[in-house]
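K.L.:
Each chain, written out:
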Amino acid sequence: MLNDFTFSSDQAEPAVRCRNVTKTYHSNGTDVPALRGIDLDVQTDELLMLVGPSGCGKTTLISVIAGILDHDGGECRIFGREVNKMPERQRTSFRGENVGFVFQAFNLLPTLTAAENVAVPLLINGAARRDAIERAEEALRRVGLEDKFGALPRNLSGGQQQRVAIARALVHGPKLIVCDEPTSALDHETGRRVMELLREVAVGPDRALVIVTHDARIFEYADRIARMDDGRITKVDESHLLETSSAA
Amino acid sequence: MNLIALKMLVGDRLKYVSLVAGLAFAALLITQQASIFTGFARQMSAWIRDTSVADLWVMDDQVQFVDDFKPMSEQRLQRVRGIEGVAWAVPMYKNYLQVQLPDGTRVQCRVVGLDDASLVGAPPVMAEGQLSDLRRDRAVFINIDHAKTTLAQRRAGNVPLKVGDRLAINDNEAIVTGTYRATREFFWDPVIYTTYSRAMSWAPPTRKQLTFILVKVRDDVSPQVVAERIRATTGLTALTNDQFSAGTTSDLLDRTGILVNFGITIALGFVIGVLIAGQTFYMFVLDNLKYFATLKAMGTKTVTLVKMLFLQTVTVGLVGFGIGAGAAVVSGIALSKVGLAFQITWPVVLGTVVAIILCCGAAAMLGLNRVIRLEAGIVFRS
Numbered sequence: 707m708l709n710d711f712t713f714s715s716d717q718a719e720p721a722v723r724c725r726n727v728t729k730t731y732h733s734n735g736t737d738v739p740a741l742r743g744i745d746l747d748v749q750t751d752e753l754l755m756l757v758g759p760s761g762c763g764k765t766t767l768i769s770v771i772a773g774i775l776d777h778d779g780g781e782c783r784i785f786g787r788e789v790n791k792m793p794e795r796q797r798t799s800f801r802g803e804n805v806g807f808v809f810q811a812f813n814l815l816p817t818l819t820a821a822e823n824v825a826v827p828l829l830i831n832g833a834a835r836r837d838a839i840e841r842a843e844e845a846l847r848r849v850g851l852e853d854k855f856g857a858l859p860r861n862l863s864g865g866q867q868q869r870v871a872i873a874r875a876l877v878h879g880p881k882l883i884v885c886d887e888p889t890s891a892l893d894h895e896t897g898r899r900v901m902e903l904l905r906e907v908a909v910g911p912d913r914a915l916v917i918v919t920h921d922a923r924i925f926e927y928a929d930r931i932a933r934m935d936d937g938r939i940t941k942v943d944e945s946h947l948l949e950t951s952s953a954a
Numbered sequence: 314m315n316l317i318a319l320k321m322l323v324g325d326r327l328k329y330v331s332l333v334a335g336l337a338f339a340a341l342l343i344t345q346q347a348s349i350f351t352g353f354a355r356q357m358s359a360w361i362r363d364t365s366v367a368d369l370w371v372m373d374d375q376v377q378f379v380d381d382f383k384p385m386s387e388q389r390l391q392r393v394r395g396i397e398g399v400a401w402a403v404p405m406y407k408n409y410l411q412v413q414l415p416d417g418t419r420v421q422c423r424v425v426g427l428d429d430a431s432l433v434g435a436p437p438v439m440a441e442g443q444l445s446d447l448r449r450d451r452a453v454f455i456n457i458d459h460a461k462t463t464l465a466q467r468r469a470g471n472v473p474l475k476v477g478d479r480l481a482i483n484d485n486e487a488i489v490t491g492t493y494r495a496t497r498e499f500f501w502d503p504v505i506y507t508t509y510s511r512a513m514s515w516a517p518p519t520r521k522q523l524t525f526i527l528v529k530v531r532d533d534v535s536p537q538v539v540a541e542r543i544r545a546t547t548g549l550t551a552l553t554n555d556q557f558s559a560g561t562t563s564d565l566l567d568r569t570g571i572l573v574n575f576g577i578t579i580a581l582g583f584v585i586g587v588l589i590a591g592q593t594f595y596m597f598v599l600d601n602l603k604y605f606a607t608l609k610a611m612g613t614k615t616v617t618l619v620k621m622l623f624l625q626t627v628t629v630g631l632v633g634f635g636i637g638a639g640a641a642v643v644s645g646i647a648l649s650k651v652g653l654a655f656q657i658t659w660p661v662v663l664g665t666v667v668a669i670i671l672c673c674g675a676a677a678m679l680g681l682n683r684v685i686r687l688e689a690g691i692v693f694r695s
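Note that the protein sequences, when read in sequence, are chains A and B.
The first sequence begins at 707 in this note's numbering and counts up one residue at a time.
The second sequence begins at 314 in this note's numbering and counts up one residue at a time.
To be clear, the hints were calculated from the coordinates, so they are not data collected in a lab.
Some clues are possibly wrong.
[As the list claims (entries may be wrong)] Calculated cross-link-like contacts (lysine-lysine; reagent style DSSO-like; alpha-carbon spacing at most 30 Å):
id: 1; chain 1: A; residue 1: 854; chain 2: B; residue 2: 320
id: 2; chain 1: A; residue 1: 854; chain 2: A; residue 2: 881
id: 3; chain 1: A; residue 1: 881; chain 2: B; residue 2: 328
id: 4; chain 1: B; residue 1: 620; chain 2: B; residue 2: 328
id: 5; chain 1: B; residue 1: 620; chain 2: B; residue 2: 320
id: 6; chain 1: B; residue 1: 320; chain 2: B; residue 2: 614
id: 7; chain 1: B; residue 1: 461; chain 2: B; residue 2: 475
id: 8; chain 1: B; residue 1: 603; chain 2: A; residue 2: 791
id: 9; chain 1: A; residue 1: 854; chain 2: B; residue 2: 328
id: 10; chain 1: A; residue 1: 941; chain 2: A; residue 2: 791
id: 11; chain 1: B; residue 1: 320; chain 2: A; residue 2: 791
id: 12; chain 1: B; residue 1: 603; chain 2: B; residue 2: 320
id: 13; chain 1: B; residue 1: 603; chain 2: B; residue 2: 620
id: 14; chain 1: B; residue 1: 603; chain 2: B; residue 2: 614
id: 15; chain 1: B; residue 1: 328; chain 2: A; residue 2: 791
id: 16; chain 1: B; residue 1: 328; chain 2: B; residue 2: 603
id: 17; chain 1: B; residue 1: 614; chain 2: B; residue 2: 328
id: 18; chain 1: B; residue 1: 620; chain 2: A; residue 2: 881
id: 19; chain 1: B; residue 1: 614; chain 2: A; residue 2: 881
id: 20; chain 1: A; residue 1: 854; chain 2: B; residue 2: 461
[Said to hold, decoys possible] According to the in silico footprint, chain A covers these stretches of chain B (three or more CB under 8 Å from chain A):
id: 21; segment: 315-329
id: 22; segment: 355-367
Since the structure is predicted, the reported quantities are computational estimates derived from the model, not experimental observations.
Beta carbons: idealized from backbone N, C-alpha and C, even for Gly.
In isolation and in its complexed conformation, chain A is listed as follows:
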């Protein structure tokens, strides 16, 4: 059954299609339902933001969408593939080829240079080191860090580290990019520049971008905003409609 959060079958296959996705955590004899039947589509060439209070299930949903976490019920297809039905090795390979990550705390390996950090997804997928570094340097140029190839993360500002992380998320040409609070560790101005960069380089005709965030200041960069509460999608708005309704 379709709702406001999904697209009709007449439209192109979405990048991510979730139908009645459920997930329950079992801890100390207690069952904690994190997702209570999620129906959500994410299209290519779209930036979707997931917002909601802490504990509403955003991280769980993004983990399911990224293929990191198995869901208990329902269906979640990423580019037409049911990832949770794949064997572990296949799922890991799928993730390595098709998903890019941008983390809240950047998660750059502290002992690798910026170029080496960006090259990691390519090395994971078996690229030769020289080729991987060349492509990594190209990705760093795209994010405006052409003079930071050899810099260690500790010698970069927060904004620069996040740009390195964005370059890392893009370098292997993934079709889905998942961002967890990409601006929460940054000041407003830096966060704004990071979001502009994401819109510029990450969103594309063959790629979908899903961002989990609390930061209302960056809502304007989203194509759609899905609100979550208590494990459910409660509302999905076009971001410009959100501004309009807020103004009203």
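Position chain B against the provided structure of chain A, taking the given hints into account.
P.N.:
Just chain B now, kept in the frame of chain A:
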């Protein structure tokens, strides 16, 4: 991914140095103590190896080690000479006698009397004089190192003994006519060589004075066969050089407890290596768990993470072993210069390698468990 593994390891300088230091210490302790033990063990049979001209040592059946003197009667020599397969057999006297040095210092020495005709069993290398000088009147040979140490004239201010000095061996005058070099022994009493007949005349008169019979076997017979014949015919013990060496070493190790003491030290070195390496490497894994999870999230297979972990442990193991074993060799060279026992052999090196591998394996196991059970989802938990 190998480069990433190594950079992660070396980048955490403190833990890397701690890991290497722990394994190096273990390697040093194990290699050094095992080498000292090997040195001691080889010293126990050094005199046998230096005297290994003959094929068989024949002795009283109650002799347990090389300096456990249990004399036989002279008739035994003739019986042994008559056994099928014996090419020749010569007598050797060896026993403790009191020696008085020129300044009056008295030293208990092991006097060795060699067959007058053949001088079989003579010292391996002469430093001063020639072997034939032993046939001169009242001639004795002394160890050139002992001349400066255990045979030094303490009453005269540690004046070394030299060629030409006169000694009193069991109140019989002897003249130092030569010095020799020999492998350092486990026992410290000096060894003085003379002829068999002279030794007989100097030793206290007893019914039995023959200590060893040195036997050369004919080329067409194996020493083991002749040894068995000697045992069967005479009831005496007949051993090859290797058998006598091994038996002496084994008996002395039993008597002294050296094996247990060194074993404890070596075991402690191993335990220290495991504890330091294990704890430090586990902490390294915990500190880097977020990054391992990030790699896993980005598509690194668990088996690849495991390989990275093993590469890291092998690397610290190799570096630690190299430093530790190298330091052991350097210390061994220094120890050898002051005359202490140190013998590094391939079994010692191999044993140390195995020990370090086990240390690294133990270190890896602790961290491995965390990495294998790692959920990539932790990357989204700040």
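K.L.:
It remains to establish, for every hint, whether it holds in the given structure.
P.N.:
For each hint, the structure was consulted:
no.: 1; hint: A:854 - B:320; verdict: holds, 19 Å
no.: 2; hint: A:854 - A:881; verdict: holds, 26 Å
no.: 3; hint: A:881 - B:328; verdict: violated, 39 Å
no.: 4; hint: B:620 - B:328; verdict: holds, 19 Å
no.: 5; hint: B:620 - B:320; verdict: holds, 14 Å
no.: 6; hint: B:320 - B:614; verdict: holds, 19 Å
no.: 7; hint: B:461 - B:475; verdict: holds, 9 Å
no.: 8; hint: B:603 - A:791; verdict: holds, 26 Å
no.: 9; hint: A:854 - B:328; verdict: holds, 28 Å
no.: 10; hint: A:941 - A:791; verdict: holds, 29 Å
no.: 11; hint: B:320 - A:791; verdict: violated, 35 Å
no.: 12; hint: B:603 - B:320; verdict: holds, 16 Å
no.: 13; hint: B:603 - B:620; verdict: holds, 18 Å
no.: 14; hint: B:603 - B:614; verdict: holds, 15 Å
no.: 15; hint: B:328 - A:791; verdict: violated, 40 Å
no.: 16; hint: B:328 - B:603; verdict: holds, 17 Å
no.: 17; hint: B:614 - B:328; verdict: holds, 25 Å
no.: 18; hint: B:620 - A:881; verdict: holds, 29 Å
no.: 19; hint: B:614 - A:881; verdict: holds, 20 Å
no.: 20; hint: A:854 - B:461; verdict: violated, 70 Å
no.: 21; hint: 315-329; verdict: holds (count 7)
no.: 22; hint: 355-367; verdict: violated (count 0)
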